[in-house]
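4 protein chains.
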Amino acid sequence: MRNHIKSKYELLKQQIYIIIYGSNTFWGKLFDLALLVIILFSVTLITLESIPRFDHTYHHFFLISEWVITIFFTLEYLLRIICHKKPLSYIFSFYGIVDLLSIMPMFMSFVFPTSKMLVVFRSLRLLRLFSILDMMPIIGQQYHLKLALKASRNKVLVFVYFIIVISIVLGTLMYLVEGPEHGFLDIPTSIYWCIVTMTTVGYGDLAPGTPLGQAISSLIMIMGYGIIAVPTGIVTSEYANARKQNPELEDHFSCPRCTKFIYDEDSNYCSNCGEKLIK
Amino acid sequence: MRNHIKSKYELLKQQIYIIIYGSNTFWGKLFDLALLVIILFSVTLITLESIPRFDHTYHHFFLISEWVITIFFTLEYLLRIICHKKPLSYIFSFYGIVDLLSIMPMFMSFVFPTSKMLVVFRSLRLLRLFSILDMMPIIGQQYHLKLALKASRNKVLVFVYFIIVISIVLGTLMYLVEGPEHGFLDIPTSIYWCIVTMTTVGYGDLAPGTPLGQAISSLIMIMGYGIIAVPTGIVTSEYANARKQNPELEDHFSCPRCTKFIYDEDSNYCSNCGEKLIK
Amino acid sequence: MRNHIKSKYELLKQQIYIIIYGSNTFWGKLFDLALLVIILFSVTLITLESIPRFDHTYHHFFLISEWVITIFFTLEYLLRIICHKKPLSYIFSFYGIVDLLSIMPMFMSFVFPTSKMLVVFRSLRLLRLFSILDMMPIIGQQYHLKLALKASRNKVLVFVYFIIVISIVLGTLMYLVEGPEHGFLDIPTSIYWCIVTMTTVGYGDLAPGTPLGQAISSLIMIMGYGIIAVPTGIVTSEYANARKQNPELEDHFSCPRCTKFIYDEDSNYCSNCGEKLIK
Amino acid sequence: MRNHIKSKYELLKQQIYIIIYGSNTFWGKLFDLALLVIILFSVTLITLESIPRFDHTYHHFFLISEWVITIFFTLEYLLRIICHKKPLSYIFSFYGIVDLLSIMPMFMSFVFPTSKMLVVFRSLRLLRLFSILDMMPIIGQQYHLKLALKASRNKVLVFVYFIIVISIVLGTLMYLVEGPEHGFLDIPTSIYWCIVTMTTVGYGDLAPGTPLGQAISSLIMIMGYGIIAVPTGIVTSEYANARKQNPELEDHFSCPRCTKFIYDEDSNYCSNCGEKLIK
Chain A
0 MRNHIKSKYE LLKQQIYIII YGSNTFWGKL FDLALLVIIL FSVTLITLES IPRFDHTYHH
60 FFLISEWVIT IFFTLEYLLR IICHKKPLSY IFSFYGIVDL LSIMPMFMSF VFPTSKMLVV
120 FRSLRLLRLF SILDMMPIIG QQYHLKLALK ASRNKVLVFV YFIIVISIVL GTLMYLVEGP
180 EHGFLDIPTS IYWCIVTMTT VGYGDLAPGT PLGQAISSLI MIMGYGIIAV PTGIVTSEYA
240 NARKQNPELE DHFSCPRCTK FIYDEDSNYC SNCGEKLIK
Chain B
0 MRNHIKSKYE LLKQQIYIII YGSNTFWGKL FDLALLVIIL FSVTLITLES IPRFDHTYHH
60 FFLISEWVIT IFFTLEYLLR IICHKKPLSY IFSFYGIVDL LSIMPMFMSF VFPTSKMLVV
120 FRSLRLLRLF SILDMMPIIG QQYHLKLALK ASRNKVLVFV YFIIVISIVL GTLMYLVEGP
180 EHGFLDIPTS IYWCIVTMTT VGYGDLAPGT PLGQAISSLI MIMGYGIIAV PTGIVTSEYA
240 NARKQNPELE DHFSCPRCTK FIYDEDSNYC SNCGEKLIK
Chain C
0 MRNHIKSKYE LLKQQIYIII YGSNTFWGKL FDLALLVIIL FSVTLITLES IPRFDHTYHH
60 FFLISEWVIT IFFTLEYLLR IICHKKPLSY IFSFYGIVDL LSIMPMFMSF VFPTSKMLVV
120 FRSLRLLRLF SILDMMPIIG QQYHLKLALK ASRNKVLVFV YFIIVISIVL GTLMYLVEGP
180 EHGFLDIPTS IYWCIVTMTT VGYGDLAPGT PLGQAISSLI MIMGYGIIAV PTGIVTSEYA
240 NARKQNPELE DHFSCPRCTK FIYDEDSNYC SNCGEKLIK
Chain D
0 MRNHIKSKYE LLKQQIYIII YGSNTFWGKL FDLALLVIIL FSVTLITLES IPRFDHTYHH
60 FFLISEWVIT IFFTLEYLLR IICHKKPLSY IFSFYGIVDL LSIMPMFMSF VFPTSKMLVV
120 FRSLRLLRLF SILDMMPIIG QQYHLKLALK ASRNKVLVFV YFIIVISIVL GTLMYLVEGP
180 EHGFLDIPTS IYWCIVTMTT VGYGDLAPGT PLGQAISSLI MIMGYGIIAV PTGIVTSEYA
240 NARKQNPELE DHFSCPRCTK FIYDEDSNYC SNCGEKLIK
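Chains as they are written, first to last, in numbering that gives the first Met the number 0: chain A, 0 to 278; chain B, 0 to 278; chain C, 0 to 278; chain D, 0 to 278.
Treat the hints with care, as some may be off.
Here are some chain A residues pointing at chain B (derived, C-beta under 7 Å) [to be verified]:
id	residue
1	Ile17
2	Ile19
3	Asn23
4	Ser49
5	Ile194
6	Thr199
7	Asp204
Keep in mind that the hints were calculated from the coordinates and are not lab data. By construction, the Cβ of each residue, glycine as well, lies at the ideal position given by its N, Cα and C atoms.
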């Protein structure tokens, strides 16, 4: 009898798992869609709440809605932990942390009222759309992009390090040339200005005022303009390489349950776990 | 007798069709050219009309010219519907909608006077130049670009989605750090600032004022600078791929009547419909 | 006797030709170098003259120097015409027109005093450095770049046309949304703003003030950010293609007299015209 | 006996050499790490010192710390000279000059007090991280990037020269069109503005005020937007080429002592100098 109950409980857990984590059943798709809509609604609420005019008029509506959504997210978070085979691996995964971050600020707001704004971190949950897309054939080609980004990461990081070191040196130089009287108040501000310039953002809150400063700026800009070519070259080359070396990924997709690659587009069932494939 | 009239009418319809839609006969070319000139003239008019100084002096000239052009465009629109084999497919095509949009605002201006400005939508008709260019051998290579853009679209859209989600999170962070006293009035404004920064536009209407805000901005800028590499890498790679997989498109062109690809440059007649080819 | 004089004159013409147009003899190199130095000096002069403080102090020095240089350039221009085999083809070549433009403004300044500033067009003569570089083995690889730019030109132009049409439509939309009270005075100004935004320049002299305007701007920016990938993709792909299809251009150079490609790096004489090659 | 002392001294020199220059022994790694930490600390100090508020409070702490670090760096510099086999080649190498520059400003500050700020040049020492990374297998792929940057350098420089010449011409044109009354005070300022625009930085400290100036600016922006494609295309293509032509560099690394490439990943000793390899 006990076993029976337990197996029923296990079955329920498995069914909830398929709905919450999977997206290849009707209820799984519906759940994912509903979740995205609720997240979007919640992000819109917190965004509008920051506008004094709206907050003044709809304060109570905002407060109640946010608590309702937070309680829903808390229940969902608990369900995700309960029905996952390895709860800890979920809790410490990227999405696990994001899910926790999206409910924490509301509870923390009892102690630190301003922390409530951090509820906007739940917009990171919108990235969950990617894991849904991964399971659709149309986006199967994203794997090439992922491979390319992974291969480029180290090289682009080394490159970013190089830019920061150069910005420190050139920022200080500009501080010496322009000085506080032209808005370059101190070295950190000058380094900030140098990054603004090298990345071609150019706010103009700080701009060189002396001829020498303008000449140095021109060199920095042309340098930044030439340097932008490097990360682009790296990513492009790695992406082309990932495509050439993994042609089998093209137009294929992975099993929504076991994430095995399905190379045969006409498959009706996953060859690994027997999952029925919906296309 | 009736048949004779009908066949004459059909013949006329076909001749008008060749002039209006085709661009490989003398009158067809002339019509296309005249149309482009009239559109350009019309766009220039509405543009100048928005300058109070000009509007004051030439108000009547502007009004009359716009009505003359609108009536001409209306007649052209009706002719396009009448002489097309499948009128509905034209009406709901991209150019069909653009053609309608380019005459509607003038008629709507009886009811909503400000809608007249929307006449500028007729500048979208200038895109029709592309369909003319398509028929010339010199631009035959555009097909590669079209294939590449089509293949890149989904990936670049996923990428844009990613940027927007990141902008929401980082925008809110900056709102908390900088606050309304430095111009970050509310979260939507901060998200707008974040997009301005990540895309390296950098107006400077909003700029971080606190050291912490400047440090976070610097990170956002360097991130945006690195991220710009991704869509570029995708398009470049897809374009190279489209070229490699469709070498036969290189330097070839399509039949102006049936749009079949003409692979043999020395052809004098389309192998599909027998149309005489002008080169 | 007459023939003797004429042949002597012809010989002189040929020697001057080698010095002025060539850059593979000692005197030819010296002449080219001296010319570049004089052009740089002249551009620096006109640049400094525009600064009131300098002009006040050194007015006479500036005036005399510019006339000396202009007379030198005029003599050089006449020599170039006289000793060229086909004077007309020189006069109407790019460099011929630039050479004329670099002396005209000074003579025109008798009639229109402000035209003197146009002397700065002589900085275009600095581009002559490229034709000198072309003859050196080290820059032989520039041919690939030239081929790529030639192949990309049409496609990038079509692309620029597309951006301008889009800017007209979106600029007008922003004019309707923001209106003159937020600085969008008329449609041309709004189109200018749209180009500033799409190219990610972002001066900030005009910036959207309404929430709707900021939302539309954000879309324009993200679009511009994605669009920048297209010309880059085209040039990259064409450049890679030019390299693959013309591997023989790699590390080779052309004869300085007849511009024939020298494929064999160890050649001492041009195989076409017998010119002694200096490496 | 003398020989014995000398050989002991030689042995000590060699051991110090391995610790200071190498990074494959425990003490070598520790030394490199400690050096990076000290450099970072020192750069942070000089940066904070430039902020009046901090300088006021911690003036003595800053002064003492900087002298302690400078003395440490001086000792390290002397040790590097002494224990290097060819001291002169170190002194005139890039890192040798940087190491000297990082101690000189402090000593010079006795004569020129403001020169002390130049201590920030010691942040260039942070680039030494690259030589450490070079020895790790994970970054072995950087060699491709180095090859690509070396191959691209000349072409990108020619390109930069082209941009500067164009900026001089267009900057002067804008000076004539806009004039001092719209902030284009003189030609150097206008050239500066043109570089700011072409590189898509766009501070907005100068912005065109006349319709003609805005039209010319729009053309400059679109040109700059198209031109950015060229260096990117060059670097991308060269990088792809470097990868294709040197596939053996992929995932390999070099001997930390003799810098010979280690092609066999399973090697335990360098095949050239017998150095034990740490992985």
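These are the hints, each one checked on the structure:
| no. | hint | result |
| --- | --- | --- |
| 1 | Ile17 | 25 Å, violated |
| 2 | Ile19 | 21 Å, violated |
| 3 | Asn23 | 20 Å, violated |
| 4 | Ser49 | 4 Å, holds |
| 5 | Ile194 | 4 Å, holds |
| 6 | Thr199 | 5 Å, holds |
| 7 | Asp204 | 4 Å, holds |
The structure fails to meet hints 1, 2, 3 from the earlier list, while all remaining hints are met.
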